[in-house]
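Undergrad: All chains, please: the whole structure from these sequences, using the hints.
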Amino acid sequence: MTPLAQLIEAALFAAARPVTAEELQTLDPDASAADVRTALDQLKEHYDFEGHAIELVEIAGGYQLLTRPAFAAAVERAQLGLRQPRLTQAALETLSVISYRQPVGRAEIEEIRGVSAGGVLRTLQERGLIEVVGRSEALGRPLLYGTTNQFLEMLGLRDLGELPRTEEFAVALQPPKPDSTDSEGAAASVPAES
Amino acid sequence: MTSPAASAPGFTTAPGSESGFVVSLDGFAGPLDLLLYLLREEKIEIADIPVARIADQFLQAIHTLGLNQAADYLEMAGRLVRLKVAMLLPRRPDEEGWEDPRHELVRRLLEYQQIREIASWLERRAERQALRFPRGYLPAPPDIPPPPLVIDLAELLRAVEKIISEIPQPVLHRVVPRPLDVEGATRRIEALLAEHEEIAWLDALGPERTIADLLSTLIALLELARRGGLHLHQPAPFAPLVIRRDAPRPTD
Numbered sequence: 000m001t002p003l004a005q006l007i008e009a010a011l012f013a014a015a016r017p018v019t020a021e022e023l024q025t026l027d028p029d030a031s032a033a034d035v036r037t038a039l040d041q042l043k044e045h046y047d048f049e050g051h052a053i054e055l056v057e058i059a060g061g062y063q064l065l066t067r068p069a070f071a072a073a074v075e076r077a078q079l080g081l082r083q084p085r086l087t088q089a090a091l092e093t094l095s096v097i098s099y100r101q102p103v104g105r106a107e108i109e110e111i112r113g114v115s116a117g118g119v120l121r122t123l124q125e126r127g128l129i130e131v132v133g134r135s136e137a138l139g140r141p142l143l144y145g146t147t148n149q150f151l152e153m154l155g156l157r158d159l160g161e162l163p164r165t166e167e168f169a170v171a172l173q174p175p176k177p178d179s180t181d182s183e184g185a186a187a188s189v190p191a192e193s
Numbered sequence: 000m001t002s003p004a005a006s007a008p009g010f011t012t013a014p015g016s017e018s019g020f021v022v023s024l025d026g027f028a029g030p031l032d033l034l035l036y037l038l039r040e041e042k043i044e045i046a047d048i049p050v051a052r053i054a055d056q057f058l059q060a061i062h063t064l065g066l067n068q069a070a071d072y073l074e075m076a077g078r079l080v081r082l083k084v085a086m087l088l089p090r091r092p093d094e095e096g097w098e099d100p101r102h103e104l105v106r107r108l109l110e111y112q113q114i115r116e117i118a119s120w121l122e123r124r125a126e127r128q129a130l131r132f133p134r135g136y137l138p139a140p141p142d143i144p145p146p147p148l149v150i151d152l153a154e155l156l157r158a159v160e161k162i163i164s165e166i167p168q169p170v171l172h173r174v175v176p177r178p179l180d181v182e183g184a185t186r187r188i189e190a191l192l193a194e195h196e197e198i199a200w201l202d203a204l205g206p207e208r209t210i211a212d213l214l215s216t217l218i219a220l221l222e223l224a225r226r227g228g229l230h231l232h233q234p235a236p237f238a239p240l241v242i243r244r245d246a247p248r249p250t251d
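In the order they appear, the protein sequences are chains A and B. Residue numbering for the first sequence follows numbering that gives the first Met the number 0, beginning at 0 and increasing consecutively. Residue numbering for the second sequence follows numbering that gives the first Met the number 0, beginning at 0 and increasing consecutively.
To be clear, the hints were calculated from the coordinates, so they are not data collected in a lab. Certain hints may be false.
Straight-line C-alpha distance at most 25 Å; calculated DMTMM-like pairs for lysine to aspartate or glutamate [claimed, not checked]:
#1 B:LYS83 <-> A:GLU110
#2 B:LYS83 <-> A:GLU109
#3 B:LYS83 <-> B:ASP55
#4 A:LYS43 <-> B:GLU110
#5 B:LYS83 <-> B:ASP99
#6 A:LYS43 <-> A:GLU21
#7 B:LYS42 <-> B:GLU126
#8 B:LYS83 <-> B:ASP47
#9 B:LYS161 <-> B:ASP151
TA: Okay, here's the thing in structure tokens:
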């Protein structure tokens with residue numbers, strides 16, 4: 000391995016979180032972005048083709064060393080690694096709405112799921128999977144939520160672009176029509192008498 | 000889809016502590032979930048919901064499941080009943096501009112179904128990712144413990160002997176009920192001065208000669224001197240104090 004690849008290996012080992020390419024570039028003032036990319040490829044190859052139990056993964060906008068799934072059961076049995084607690088159905092549904100509609104307010108989430116969302120939003124915020132990203136211009140200036148890097152880490156995604164496109168699902172997720180969100184709309188459109 | 004709603008819906012209702020009613024839903028994630036479940040059970044196309052039948056089933060379901068006090072479910076029940084009424088209204092077959100009153104509900108159900116699909120995708124993805132462990136991250140402890148010792152038995156014994164030899168004496172803690180007894184010392188000095196014109200420092204000190212007695216006596220002497228009951232005299236530097244009775248000063 001080149002000295003830069005070694006340096007990157009050391010940095011990724013020392014950091015317990017995904018490290019961005021820009022951060023890795025600061026390891027060596029003489030290294031260009033292309034150098035870093037080449038070194039990362041070399042490091043990845045090293046792990047992939049020399050029988051290593053860890054791999055270099057591109058995740059949450061950065062790079063991280065992770066153990067391979069084949070060893071998860073044994074590592075967990077020995078209580079050397081802890082799996083993240085599973086999310087409830089309510090949490091998963093709320094995350095789904097937020098990941099596709101962000102920035103999105105609580106009212107819209109509740110409208111789509113048909114249930115109040117306060118408790119779930121708080122739980123997701125505590126777990127660091129969502130965060131407040133701003134305030135809506137609507138009445139009361141409600142908080143708007145978005146997903147975090149930790150959300151990407153939990154799913155092993157590079158970025159939000161890796162979420163499946165909604166056309167890939169059976170039903171297309173239509174953006175809400177301004178007039179149809181009004182619950183009175185359907186009833187009001189019915190002729191009162193014939 | 001791992002939603003338990005698809006298999007066997009299980010509900011538990013618990014009386015709320017203060018605000019009326021708390022529903023803990025083991026089975027359904029909400030009224031839309033319950034509605035989708037009913038439609039699936041009846042093998043009904045979402046786009047063509049027999050509103051009257053589904054509304055009745057929904058009401059019955061939330062009643063038997065004890066959900067009829069949960070606001071989210073009640074709100075949906077209200078919508079369904081209103082829809083049922085709207086569908087019952089007669090209309091001319093050729094009527095222009097008639098919009099299916101079920102449209103809004105269908106749109107919401109389709110939208111929710113898609114959210115469910117995304118949720119299950121997220122779940123599968125998270126489960127797969129959970130099999131890959133990052134390096135265990137532990138925040139640095141505030142005090143780094145010393146590294147483990149590597150010594151042999153002889154060294155250990157030498158260290159023990161050294162420590163034992165350095166212990167001066169067994170130190171016992173003495174509990175002194177009244178460390179300072181200024182009143183007692185005052186009484187003793189006044190009694191002595193009533194009999195003698197002049198007493199020595201060691202006489203004033205009394206039989207006990209602990210630090211506490213010494214301090215008590217000293218404070219008593221200074222206090223009496225301040226009040227003017229006695230006169231303190233030291234003939235030479237570091238010589239013993241001589242305590243002499245003094246005529247009380249005229250009070251002011």
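Undergrad: Hint by hint, say whether it matches the structure.
TA: Hint check results:
Annotation: proposed proximity of B:LYS83 to A:GLU110 holds, straight-line Cα distance about 21 Å (limit 25 Å). Proximity of B:LYS83 to A:GLU109 is assessed by CA-CA distance (about 24 Å); at most 25 Å being required, the pair is judged to hold. The hinted pair formed by B:LYS83 and B:ASP55 meets the criterion: a straight-line CA distance of about 9 Å does not exceed 25 Å. For the hint pairing A:LYS43 with B:GLU110, the CA-to-CA distance comes to about 40 Å; that exceeds 25 Å, so the pair is violated.
Distance check on the hinted pair: B:LYS83 and B:ASP99 sit about 12 Å apart at the alpha-carbon level, within 25 Å; holds. Proposed proximity of A:LYS43 and A:GLU21 is supported: the alpha carbons are some 18 Å apart, at most 25 Å. Between B:LYS42 and B:GLU126, the direct Cα distance comes to roughly 31 Å. Violation of the 25 Å bound is thereby established for this hinted pair. Distance hint between B:LYS83 and B:ASP47 is fulfilled; the C-alpha atoms sit about 13 Å from each other, no more than 25 Å.
With a C-alpha separation of about 16 Å, the suggested pairing of B:LYS161 with B:ASP151 holds against the 25 Å cut-off.
The earlier numbered hints that this structure contradicts are 4, 7.
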